[in-house]
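Asker: Now for the letters of each chain:
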Amino acid sequence: MDYTIVLTAAAGQGVETIETLLSKAFKDSNFFVFSDKEYMSRVRGGVNSTTIRVSSKENKGYKQFADFLFLFTKQALEHSKNRISDNTIIFGENDFITDEYKSQFLEVDFLKIAKDLESAVFANTVAFGFISAMFKIDTDTAYKAIKNHFLAPDVVQKNITAYNEGYKLFQDNTYKSIKLNIEKIAEKRYALLSGSQAVAFGALSANAKFLSFYPMSPSTDVAIFLAHQMDKFDIVVEQFEDEIASVNAAIGAWFGGTRSFVTTSGGGYALMEEGVSLAAMSETPLVVHLAQRPAPATGLPTRTSQSDLNLVLYSSHGDFPRAIFSPRNLEDAFFVMQKAFDIADKHQCVSYILTDQFFMSMMYNVDTSHLEFIEPQNYIIQTPTDYKRYEFTKNGVSKRGAPGFGSGIVVANGNEHDEYGDITEDEELTKLMLEKRMQKLNGIKSEALEPLYIGPETFKNLVVCYGSLYENIKEALELLGLDDTGLLAYSQLYPLNDKGLDYLTKAQNLIFVEQNFSGQFAQLIWREYGIKTNQLINKYTGRQFFVEELKERLQNALEGK
Amino acid sequence: MSNLGEFEPKRPDSFDVSWCPGCGNFPLRDALALAFKKLELKPTDIAIISGIGQAAKIVHYINTHGFHTLHGRAIPIATALKASNPELVVIAEGGDGDMYSEGGNHFLHGIRRNANITVIIHNNQIYGLTKGQGSPTTMIGQHTTTQPFGVFEEPLNAIALAITLNASFVARGYVGNIQHTAEILAQAINHKGFSIVELFQPCVSFNKVNTYQWYSQHTYIMQNHNPKDKMQALQKALENDPLPLGIFYINEKIPFEEYLIAYKEDKKPLYKRSAQTEKIKRFIEDNF
Chain H
2 MDYTIVLTAA AGQGVETIET LLSKAFKDSN FFVFSDKEYM SRVRGGVNST
52 TIRVSSKENK GYKQFADFLF LFTKQALEHS KNRISDNTII FGENDFITDE
102 YKSQFLEVDF LKIAKDLESA VFANTVAFGF ISAMFKIDTD TAYKAIKNHF
152 LAPDVVQKNI TAYNEGYKLF QDNTYKSIKL NIEKIAEKRY ALLSGSQAVA
202 FGALSANAKF LSFYPMSPST DVAIFLAHQM DKFDIVVEQF EDEIASVNAA
252 IGAWFGGTRS FVTTSGGGYA LMEEGVSLAA MSETPLVVHL AQRPAPATGL
302 PTRTSQSDLN LVLYSSHGDF PRAIFSPRNL EDAFFVMQKA FDIADKHQCV
352 SYILTDQFFM SMMYNVDTSH LEFIEPQNYI IQTPTDYKRY EFTKNGVSKR
402 GAPGFGSGIV VANGNEHDEY GDITEDEELT KLMLEKRMQK LNGIKSEALE
452 PLYIGPETFK NLVVCYGSLY ENIKEALELL GLDDTGLLAY SQLYPLNDKG
502 LDYLTKAQNL IFVEQNFSGQ FAQLIWREYG IKTNQLINKY TGRQFFVEEL
552 KERLQNALEG K
Chain G
-4 MSNLGEFEPK RPDSFDVSWC PGCGNFPLRD ALALAFKKLE LKPTDIAIIS
46 GIGQAAKIVH YINTHGFHTL HGRAIPIATA LKASNPELVV IAEGGDGDMY
96 SEGGNHFLHG IRRNANITVI IHNNQIYGLT KGQGSPTTMI GQHTTTQPFG
146 VFEEPLNAIA LAITLNASFV ARGYVGNIQH TAEILAQAIN HKGFSIVELF
196 QPCVSFNKVN TYQWYSQHTY IMQNHNPKDK MQALQKALEN DPLPLGIFYI
246 NEKIPFEEYL IAYKEDKKPL YKRSAQTEKI KRFIEDNF
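From first to last, the protein sequence lines are chains H and G.
Be aware that the first sequence starts at 2, since it is given in the numbering used here, and climbs by one per residue.
Be aware that the second sequence starts at -4, since it is given in the numbering used here, and climbs by one per residue.
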């Protein structure tokens, strides 16, 4: 079983409620559920869509063609035309459809039922009841989802009534031709997590105790989620006056010995660059989560992109070491967050985690046995008297003390400094201190994450990707079923683990897939290894590549079209 | 030798003080060390976060923990340090350009956030380190390197501004009077909340208008002033010549860190707390 449902509505129509209720009910009914959404940067109106894929296996790909398309507004059909195949069944009110699609259309009027029940606001729950009936979701499971979502008993009761009406509606003769092949997934301990939650839980697990931020789509959900956990976990979440204050606050917390991070997007990060250079010079660790969106300037606030690799790679003044990660999926985000914190803390450097809007709003069942916990190490020492914050060492890493812990005095400095942290302009020291900082890059590189290779032992074509494109490309390649093509998926983009080089050099045909204009990762590989990509498959419309789209683009690329 | 006692740093590069002979930063530093002594603080109890400028170099010339950061950014760094370790006495320090110009936004929001830190503004009404450009507090008509035809912008009245924002503690001193300055600083550090202390501190090299003599003639110490009276405080703050010195305004309120749930039951600094791995595992399994 593998069905894709697309719900298309105006902002403010509350499709998010259906998504939440359905995802939870599907998960609790032992189906594998994946969902994501694309939405406009406005509070009311416009047209947005949510995709929910329900399967009996772990399908994490973002499918283009809907099995069931639900239209909630007249503009929805035009908006979601690219999601319709010959097999799509379209639901909606009669005047939402055009003649072209009449043959695959079934009328359904959730709004009328809701209004008969007293208020239009129940239309979503009616729809939830209708879809639940299609998928034979157990009533108690659905009720539980409603109770957990609406909380207040009278509101819950009204929604249960609405749900029942929707459920009943599906029994109508109009829909009797719809017969689904219902098949459950093998029972496991699954947790339904979103991208932002995976990032947030990764940070919590890394012992992050301080998050400073300024709201910016699509990165804010991480902060919203963690702010709501302040009463459950030891974490301070504070919204600062701007991104400049946010990054400096994170540095201040790290200076105090506390693991901290910022969550932002490209434009916000642009303001943080100065702070990043302070972290670098003062060798204060720093972790930056950057959820990408199309740019420059305001760009498209609620759309997706992979165009900020160059920004973080080259940002801030001066030479300094850094680590850049981009998780492939939710399990990987959970792990990579912890890794990023460990690297930042251990090597006293800046770690970046690049996600994107698609990744942030992605949700699926995560097999909790695949959530890998790294025991957070303590890198803070109790300082001795005559402590030297920047003592020269072989690997460039000096022991880090925190003010108030030990008998030593801790002096950190954004000016060039001597081993104690005092300002110096000594020529020899200037050279040695810069070399000390850059020396740390070797240590960071020595534990860089290996890229993941999937494919035959010997191959002709190699597809290279990173971050949120991984699951979609993997599924596209599975659909193509090629025995001469492999996939190399990176989750650490800098410094690179040279094991990837074995694959890159073996390929006769190298294809990079990226969600940006210039092929920023392909450029980085060229810069690092002198290996040029043969083809670049890219998309920069602010929308994520679909599985089907990738399949076609890859096929064309492999056939040399 | 100075009178800093245990606050005299002994590090090799801390002896080569780059302040000009006669600089107002010297008596300011003496007053600060005196305030620490009055409060019986040890060097390891205190962390000074400074911005950029001659004032900000103080972390190298006084024996406390220090972080010499970026222009204008001392306040957010100090705020987060205090929030992550409330056991520390945290001071943010910088000049008038640092705190009022580059860091103006942080100054405003620092007052709103009200972390229990002390903000010391070395106000010499000029940019010293970069050699004599006008600052947000340079007086109208003064000729500077970058305003050769005279400054025409209205100088910033940070004291009045802070009072209108309901700041927790607002004071002004003049480093020519070390005892009075030390008394204000000690009260500010002791005060629970965001304490602002603006200190007139002559720049002997680049401000030929606001000299020691000028400050002596144009300032006076307020007598019988009630710092709990906001309107009286504001009235005093708006006085231009002579300029009042002393504690203008005290507004007792709960500081930022005390609102933080992380400290409701556990007072330990955050860095001393370990990861809550088991709790996270359970939370995910029970709720998602």
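Hints are computed from structural coordinates only; laboratory data are not their basis.
Accuracy of the hints is not assured; some may be wrong.
Only pairs whose alpha carbons sit at most 20 Å apart, straight line, appear in this in silico EDC-like list of lysine to aspartate or glutamate [to be verified]:
#1 389(H) <-> 40(G)
#2 233(H) <-> 252(G)
#3 276(G) <-> 427(H)
#4 259(G) <-> 232(H)
#5 187(G) <-> 252(G)
#6 82(H) <-> 59(H)
#7 148(H) <-> 273(G)
#8 82(H) <-> 550(H)
#9 389(H) <-> 178(G)
#10 276(G) <-> 320(H)
#11 233(H) <-> 273(G)
#12 389(H) <-> 11(G)
#13 263(G) <-> 40(G)
#14 432(H) <-> 550(H)
#15 148(H) <-> 11(G)
#16 5(G) <-> 392(H)
#17 37(G) <-> 387(H)
#18 274(G) <-> 376(H)
#19 276(G) <-> 188(H)
#20 5(G) <-> 368(H)
Asker: Now tell me, hint by hint, if it's right for this structure.
Answerer: Evaluated hints:
no., hint, result
1, 389(H) <-> 40(G), "18 Å, holds"
2, 233(H) <-> 252(G), "17 Å, holds"
3, 276(G) <-> 427(H), "51 Å, violated"
4, 259(G) <-> 232(H), "10 Å, holds"
5, 187(G) <-> 252(G), "10 Å, holds"
6, 82(H) <-> 59(H), "27 Å, violated"
7, 148(H) <-> 273(G), "27 Å, violated"
8, 82(H) <-> 550(H), "15 Å, holds"
9, 389(H) <-> 178(G), "33 Å, violated"
10, 276(G) <-> 320(H), "40 Å, violated"
11, 233(H) <-> 273(G), "13 Å, holds"
12, 389(H) <-> 11(G), "18 Å, holds"
13, 263(G) <-> 40(G), "15 Å, holds"
14, 432(H) <-> 550(H), "52 Å, violated"
15, 148(H) <-> 11(G), "69 Å, violated"
16, 5(G) <-> 392(H), "17 Å, holds"
17, 37(G) <-> 387(H), "15 Å, holds"
18, 274(G) <-> 376(H), "14 Å, holds"
19, 276(G) <-> 188(H), "19 Å, holds"
20, 5(G) <-> 368(H), "57 Å, violated"
Going down the numbered hints, you'll see the structure goes against 3, 6, 7, 9, 10, 14, 15, 20, while the others check out.
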